[in-house]
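Novice: Protein chains in written order, with the numbering used here: chain S, 3 to 199; chain X, 3 to 199; chain F, 3 to 199; chain B, 3 to 199.
It is possible that part of the hints are untrue.
[Unchecked claim] Now the in silico label distances, taken between C-beta atoms and shown as ranges:
id, chain 1, residue 1, chain 2, residue 2, range
1, S, D140, B, N161, 38 to 46 Å
2, B, A141, F, Q169, 45 to 53 Å
3, B, R28, X, G89, 40 to 48 Å
4, F, D158, B, V137, 51 to 59 Å
5, X, D129, F, A8, 50 to 58 Å
Because the hints were derived from the structure by calculation, they are not lab data. Virtual Cβ for every residue (Gly too), placed ideally from N, Cα, C.
Protein chains: 4
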Amino acid sequence: MTIAPALEETYGQKIRARREHIKMDRDAFAGALGVTPDEVTALEENSGVLTLDRLTSIASVLGTSLPELTPEFVSDLDGGVRYQLPGDNPVIEGHRGDTEYYTYNCLVRTRTVPKLVPLLLEVNVDDPEKAAFNVGHDAHEVIYCMEGDIHLKWGDKENPKEVTLPQGSSFYIAPGVPHTLTTTKGSGPGKVISINF
Amino acid sequence: MTIAPALEETYGQKIRARREHIKMDRDAFAGALGVTPDEVTALEENSGVLTLDRLTSIASVLGTSLPELTPEFVSDLDGGVRYQLPGDNPVIEGHRGDTEYYTYNCLVRTRTVPKLVPLLLEVNVDDPEKAAFNVGHDAHEVIYCMEGDIHLKWGDKENPKEVTLPQGSSFYIAPGVPHTLTTTKGSGPGKVISINF
Amino acid sequence: MTIAPALEETYGQKIRARREHIKMDRDAFAGALGVTPDEVTALEENSGVLTLDRLTSIASVLGTSLPELTPEFVSDLDGGVRYQLPGDNPVIEGHRGDTEYYTYNCLVRTRTVPKLVPLLLEVNVDDPEKAAFNVGHDAHEVIYCMEGDIHLKWGDKENPKEVTLPQGSSFYIAPGVPHTLTTTKGSGPGKVISINF
Amino acid sequence: MTIAPALEETYGQKIRARREHIKMDRDAFAGALGVTPDEVTALEENSGVLTLDRLTSIASVLGTSLPELTPEFVSDLDGGVRYQLPGDNPVIEGHRGDTEYYTYNCLVRTRTVPKLVPLLLEVNVDDPEKAAFNVGHDAHEVIYCMEGDIHLKWGDKENPKEVTLPQGSSFYIAPGVPHTLTTTKGSGPGKVISINF
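Generate the whole structure from the sequences, applying the supplied hints.
Specialist: Okay, here's the thing in C-alpha cells:
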C-alpha cells in the first residue's frame, strides 16, 4: 500500500481560510451546514473525518469551488530536482483496436507540475495506412524523433495533413489537435521522445 | 440542510482521465493502490464511496496534485449573470479586539469566480488612533468611499502610510499589503464598497 | 505633454535575454537580422533607436511574440496602494445612438492591474423599452446598485432575460455577456458602482 | 532580411480598444497626449508611424502596461502543428570560460508558445570536477539522457547535490535552480534532449 505524501495545509485550514475570506462567522457557517458551532471547530481543526459529500456541501455553503478547498501536496522535489533511473520507468502497452500501437516508457514526473508527462514512445506500426488517430488531448506536446523514419498525420482523420520526419527531426502539436504516429511503410519500429506539458 | 450543486464531472471521471493521460493501465493502477482491477472499475464509474484518504492515495499513485483530481461545480450563473437582492445580503459583525470594527454586508458571489468577494463595509470606528490592522490578504482590493471621511492606513503598522479620503474617493490595495480603515476623528461611521478579486 | 513612467527593463535587455534563452549567439542573430554584430551590441545595450518595425523583425527572428519582448512599467503604487480623489475622476459621456446613455466617472486605476476598471456609472435613461445593449466585453463585471431602481437586461437582445434590482442589490456579469442598464419606467436616473476586472 | 509575420491586430486597434475599455473619448485622449483628435484617429486607424517612445506615452495615458498594447503575431502553426527537419536545426557553441561546454542543436520552436525551447544538447566535458554552473533560469526543464553517463550537479555550487544518471534516465529541474551537466570522469561526451517550457 502506498504512503500518501503530506499536505501543505489541511482541508480544515483551507475551509477556515475561505470562511474568513468571505466574512462568514462560525455560527452562520454551522447553521448553513446544519451542524453545531463545536462541530465546525472540530472540522476546522481536525478535518480527518471529512467525507467528499460533506466537502461538497461545505464548498456550496462557502460559495466556492471544490478545488479551492483542496490542499496541495508538499513538493516531491529534492532541492528543485527529481530524477528517475531507466529501470524505474513504468512500461505500458498502448493498444488501438487489436494492435499494440505504441509502447509507453514513462519518464520522470512530479506532482508539482502535474501536466508534465514525458514519455519514451516506441512506435510499433510501420505502415501509415494503418495509422490510428487519437482525439487530441489537453496538453501541448513536443516530440523528438530518436530512431526510424516517423510518419505523422494530424487534423481531420478522413483528410489528414501528413509528413515524414527522419531521425533528428522535431515537432510541436497544439492542444486538441488529433494526431497519430507510425513509421514509413516496411521500415520497422521507431522511437520518439514525447513531452506533454 | 443545503443541497450541494451538481459537479461538472465525477471524481471517477477525473481519476480515469488522469490515469489515461499518464498511460497507466487499470492493472498497474490497481496494483499500486492495493485493490483489485474490478475495484478500480467501480471507482472510476461510481466514485461515491471515495474517502478523502483514498483520494489522497490515488493522487499520489497518479503523480498528481489533489486539486487536479477534484471536479468543478456546474455554474451557478443564469445566462452568465447572478444577482442578489439587498434583503439576502448576509450581515456579519467583524470584531477586532473588543470592538465591532467593521460590519460586513456580503454582496453577490459566484462559485465560478471564487476569489470575487464584494462587500458593503460599514466602518464603525471614527478615530484613526484606534485603527486595527489586518495582516494583508491574498486578493486585490478596490474600494469606493460611499459615506463619511475615510481614513486609510497601510504598510508597516508601527510606521504606517496614511491618507484621508472624502466621499467619492476610490483606492486600490495590492495583495499582501496590511491595511485598516476608520473614519476621521469624531466624524461618525462611514460606508465603503469593497471589491476583493 | 505627459511624462512616461520608467520601465522595469529596457527593450534591449528583453531582447538579449530572449536571444540567450534560445541559445542564439550574437553573430547568428546579426546575420538573421541583416545587421552587424556591433549593431546588435548597440541594440542590446541602448535600444533607444528601436522602431516598431524593427522590433517586429526581431521578435520574428527570435521565434517569440511581441509582448514577450516588451517591458513592463515600474509600479505606480505607493507601498502597494494607489488612491484617487473625487475631483480627479475623469467624467465621460457615453452615447448610444443620440442618447447620453451613461455618464462614466472613472475611479482609481493602476498600471499593475490593467484589466481593473472601476467606474461610478450614472444611468440616465429611465425606460427599459429604450435599453441599448453593448456586445459584452472581455472583463468580469460586478455592480452595486447605489441609487434608483436599476433594470438589467442581458443575453440575446431580441429576447433578453431581465430583472429589476432596487438600491442595495448587487450582480455579477460574466465576460462576453451582452447587457444593458436603465432605471424603471419614469423613475429618473440611477447610479451604480461598476468594477471591471 | 527576414520578413516579419503578420499581426493579429494592429497597435492602433489595441490602443482604441483600451481607450474605449476605460471610457476615455478621443478628445480627452488627444489632450492628454498633446496631439489633435485627427492625429488620434490617424493613430488608431494606421499605427505605422508609431514609435516606441510614443507607444510608451500612450500606455501611460491609458493607464496600462506596454505588453497590453502590443499585438500578437498570427500563428506559425499549420493546422496546429509545426515541425523542423534536422538539417534546419541551428547549432550553437555554448562556452563557459574557455571551454566549449555544451553544443546546442536547437529543435522546433513556435511563436505561439514562446517559452518552449527544445534542445538536443551535446555535453562536451567529461569531468564533474570541471562542472560550470548556470544561475538557474525562468523555465521548467525536463531532460532525457540519450547517450553517455550524465553527471548532474544542482543547487548551491559550493556545496551541490549531485547524481550520475545512465542512458535512459530522465530528470526535471524547477525554475530558478542552478545546475550543470558533464559526463562521468573520462567517459567521453554525452547527449541529452532538454525541453524548456
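Novice: Given the hint of 50 to 58 Å, check if D129 (chain X) and A8 (chain F) actually sit that far apart at their C-beta atoms.
Specialist: violated, 39 Å
Novice: State, for the Cβ atoms of A141 (chain B) and Q169 (chain F), whether the hinted interval 45 to 53 Å holds or is violated.
Specialist: Given a distance of about 52 Å, which is inside 45 to 53 Å, the answer is holds.
Novice: Take the C-beta atom of D140 (chain S) and the C-beta atom of N161 (chain B), compute their distance, and say whether it sits inside 38 to 46 Å.
Specialist: Because 40 Å falls inside the window, the suggested range holds.
Novice: With respect to the beta-carbon atoms only, verify the hint that D158 (chain F) and V137 (chain B) lie 51 to 59 Å apart.
Specialist: holds, 55 Å
Novice: Should the hint that R28 (chain B) and G89 (chain X) are 40 to 48 Å apart at their CB atoms be regarded as holding?
Specialist: Holds, at about 43 Å.
In this structure, only the earlier hint numbered 5 is contradicted, and the remaining ones agree with it.
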